[in-house]
Amino acid sequence: MKAVVLGGTSGMGRAIAQRLAERGDAVFLLGLDEPDLERSASDLKARHPKHAPIGYALCDLERPEGFAAALDAADSALGGFDSVIVTAAMFATQDALEADVELARRLVTVNYANTVVFCEHARKRLLSRGGGRLTVFSSVAGDRGRKPVAIYGSSKAGLSVYLEALDHKFHAAGLSVLCVKPGFVKTAMTTGLKPPPFAGEPDRVAASVVRAMDARKPVLYAPGIWALILLIIRWLPRFVMRKINF
Amino acid sequence: MAENLETATYGAVLCRGLGRSYGDSSLPAKASDKVVATRLANRILHFDPSTGVLRAEAGVSLVELNRLFIPRGWFSPVTPGTKFVTLGGMVASDVHGKNHHREGCFGAHVRALRMRLADDSLIECSPAEHADLFYATIGGMGLLGHILEVEFVLHRIPGPWVWMESERVADLDAFLAALGEAAPKWPMTMGWIDCLHRGRTMGRGILMAGRWAEPGEVSAEPPRPTREKSVPFEFPNWALNPFTAKAFNAAFYWRHFRRHFKGPIAPEPFFYPLDAIHDWNRVYGARGFTQYQCVLPRAAGAAAVREFMDRLTKLGAASPLCVIKDCGPEGKGMLSFPLEGTSIAVDMAVSPDIQRVVDSLNEFVIEAGGRIYLTKDRFTRPAHFRAMEPRLEKFLAVREKWDPQRRLRSAQSVRLFGDPV
Ligand SMILES: Cc1cc2nc3c(=O)[nH]c(=O)nc-3n(C[C@H](O)[C@H](O)[C@H](O)COP(=O)(O)OP(=O)(O)OC[C@H]3O[C@@H](n4cnc5c(N)ncnc54)[C@H](O)[C@@H]3O)c2cc1C
Numbered sequence: 001m002k003a004v005v006l007g008g009t010s011g012m013g014r015a016i017a018q019r020l021a022e023r024g025d026a027v028f029l030l031g032l033d034e035p036d037l038e039r040s041a042s043d044l045k046a047r048h049p050k051h052a053p054i055g056y057a058l059c060d061l062e063r064p065e066g067f068a069a070a071l072d073a074a075d076s077a078l079g080g081f082d083s084v085i086v087t088a089a090m091f092a093t094q095d096a097l098e099a100d101v102e103l104a105r106r107l108v109t110v111n112y113a114n115t116v117v118f119c120e121h122a123r124k125r126l127l128s129r130g131g132g133r134l135t136v137f138s139s140v141a142g143d144r145g146r147k148p149v150a151i152y153g154s155s156k157a158g159l160s161v162y163l164e165a166l167d168h169k170f171h172a173a174g175l176s177v178l179c180v181k182p183g184f185v186k187t188a189m190t191t192g193l194k195p196p197p198f199a200g201e202p203d204r205v206a207a208s209v210v211r212a213m214d215a216r217k218p219v220l221y222a223p224g225i226w227a228l229i230l231l232i233i234r235w236l237p238r239f240v241m242r243k244i245n246f
Numbered sequence: 001m002a003e004n005l006e007t008a009t010y011g012a013v014l015c016r017g018l019g020r021s022y023g024d025s026s027l028p029a030k031a032s033d034k035v036v037a038t039r040l041a042n043r044i045l046h047f048d049p050s051t052g053v054l055r056a057e058a059g060v061s062l063v064e065l066n067r068l069f070i071p072r073g074w075f076s077p078v079t080p081g082t083k084f085v086t087l088g089g090m091v092a093s094d095v096h097g098k099n100h101h102r103e104g105c106f107g108a109h110v111r112a113l114r115m116r117l118a119d120d121s122l123i124e125c126s127p128a129e130h131a132d133l134f135y136a137t138i139g140g141m142g143l144l145g146h147i148l149e150v151e152f153v154l155h156r157i158p159g160p161w162v163w164m165e166s167e168r169v170a171d172l173d174a175f176l177a178a179l180g181e182a183a184p185k186w187p188m189t190m191g192w193i194d195c196l197h198r199g200r201t202m203g204r205g206i207l208m209a210g211r212w213a214e215p216g217e218v219s220a221e222p223p224r225p226t227r228e229k230s231v232p233f234e235f236p237n238w239a240l241n242p243f244t245a246k247a248f249n250a251a252f253y254w255r256h257f258r259r260h261f262k263g264p265i266a267p268e269p270f271f272y273p274l275d276a277i278h279d280w281n282r283v284y285g286a287r288g289f290t291q292y293q294c295v296l297p298r299a300a301g302a303a304a305v306r307e308f309m310d311r312l313t314k315l316g317a318a319s320p321l322c323v324i325k326d327c328g329p330e331g332k333g334m335l336s337f338p339l340e341g342t343s344i345a346v347d348m349a350v351s352p353d354i355q356r357v358v359d360s361l362n363e364f365v366i367e368a369g370g371r372i373y374l375t376k377d378r379f380t381r382p383a384h385f386r387a388m389e390p391r392l393e394k395f396l397a398v399r400e401k402w403d404p405q406r407r408l409r410s411a412q413s414v415r416l417f418g419d420p421v
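From first to last, the protein sequence lines are chains A and B.
Here the first sequence is numbered in full-length UniProt numbering, starting from 1 and rising by one per residue.
Here the second sequence is numbered in full-length UniProt numbering, starting from 1 and rising by one per residue.
It cannot be assumed that every hint is accurate.
What the hints assert, rightly or not - Footprint (simulated), chain B over chain A, 3 or more residues, beta carbon under 8 angstroms:
(1) 10-24
(2) 41-47
As the list claims (entries may be wrong) - Far from chain B, some chain A residues (derived; all Cβ distances over 10 angstroms):
(3) Ala68
(4) Gln94
(5) Asp95
(6) Lys147
(7) Phe170
(8) Lys186
(9) Thr191
(10) Ile225
Just so you know, these hints were derived from the structure itself, not from any lab.
In this text, a Cβ means the ideal position worked out from N, Cα and C, and glycines have one as well.
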């Protein structure tokens, strides 16, 4: 595989990039901090005994004007990529978002509008050479409107629907789209929140994502237990949803 | 939890790796103190296959390092008895392993450290650069600064298998003699002893010696990863008592090992027998447990080890596990634990009696000229520590220079060194 990872310097993106590099896949990192990118690229090189190409370029989800150039850089470094993974996103608590409308605008733009724009750039490049894989991290928070993640969840709901549609539309053309819906995973993003008993470890989640990519699955709940939890949540009547603070 | 230690350690008072220290050294003195959990800072920054020099972020774990490098023919120069530790924790505790008599502690293989100091500045230290800071940090329990990056040298190994020979030994004197004989012959040695048996068979046990196996001696296949079992629930407090402890030891002694074993073994069960059972500490129930580890100097002789065991049994400190190790010369880390002599580690359930037990054992250790291991300590009194640690003044002087306000502190440093809360 020749993979581009947007968000590959931290959290689950880093864990996925590490897995891919280790099995010999070529990896190109996109992120917003140059020293961080450089350190992460060195990490992949040190882990990777066979030294497939590993490179990086700056790419900021808040600056859609840079998307095309970043993907072109990846393309020429890898000699044509066949897989794009997006783990980057913005997170803020519902309280913070309610207190600051500008923050809410930014979050919704980054998580939905700009992510869709990035995926469109990626999709076109993949389809132009007969398809490939697009893997995007959405969230279980997008499956149902819930009080504690009203705004964040809605941005992810939009993204999930887009990814599902993309999968339907271009599957026959050779593009397989994977929508990853992580539940609680212990990363820097969730520091300070109380983990539920079934919280996931980034390493394990990364392994399951790579497996799902290889198997060309369309949707992955990670850790798997969330599929069951969300199955129940999706069927709860509104009056129950209103009562519970889940 | 932090991925980027450089930003996260700003203003922090303590770091915590994987929390495998038994005592209170990685716990804050008060709840509002900022403690940085380092395990997500897990990038390897540089590896030079011509020299084995590796530089990595402090949160890289030994599990990860082993997984990545054993297949490539490299291994950590020193490993403790668990792989669930971080590089930062290994430096701060200056861990020792089965090869201490040959290779010394982990710190002896460290070439440089990048740190954030108490005044929030960043610094690189090594045996040549800020040597006082370097040697106080090695074994210094995180009290000199936050370790951000560790540069050390991996060892070349001939293959992914260990050659082990083990035998049952009938009593303590024979055991110590055998341990002494094995040390010059084997790069790695250690033993388990049954410290509950009194009388003639006191100190019977299993002596293990090992070295990395040469490719010709073993199958070409790498060892298969073991399926790991875990202890599903906490045992009730009554489950651990002298009787069950005895049963556990007997079972371990008679079932786990044949009289003689000679052959290849995977690194995991050789180095980390306890890691095979996740959450094994739950065996000790909700009250938890601690470990007592001390080293008795060679000069005190086998008699001191026997007396120590006697005192242990008299105190009724039931211990299903007792690990004995022959240590080589003292290293350069200012508070590093090992000392030429015999190290003894015993698990102890935390009971209402524990303070009295630890006090009594410490008094013995002081008399014998030995010392305890800080990373496993939670109950030692300041006066006792002072009495067993002639190097303390020097360590405190270095601390005074780099952190006069004692901004960096842990529950342990407040207890032992009287740091401000
Ligand atoms: C089953 C078992 C077997 C063991 N066997 C051995 C053995 O054979 N030999 C041996 O020597 N030890 C042994 N130990 C002890 C263990 O190796 C040490 O306690 C080790 O330091 C734990 O590492 P950690 O990453 O979990 O650190 P923690 O327990 O989280 O922290 C230990 C200390 O390191 C400091 N620290 C951690 N990270 C940093 C950092 N980045 N910067 C500054 N300070 C930091 C903490 O403040 C604390 O003082 C064993 C422990 C267990 C549980």
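* Numbers of the earlier hints that this structure fails to satisfy, in rising order -> Hints 8 and 9 are the ones this structure does not satisfy, whereas the remaining hints hold.
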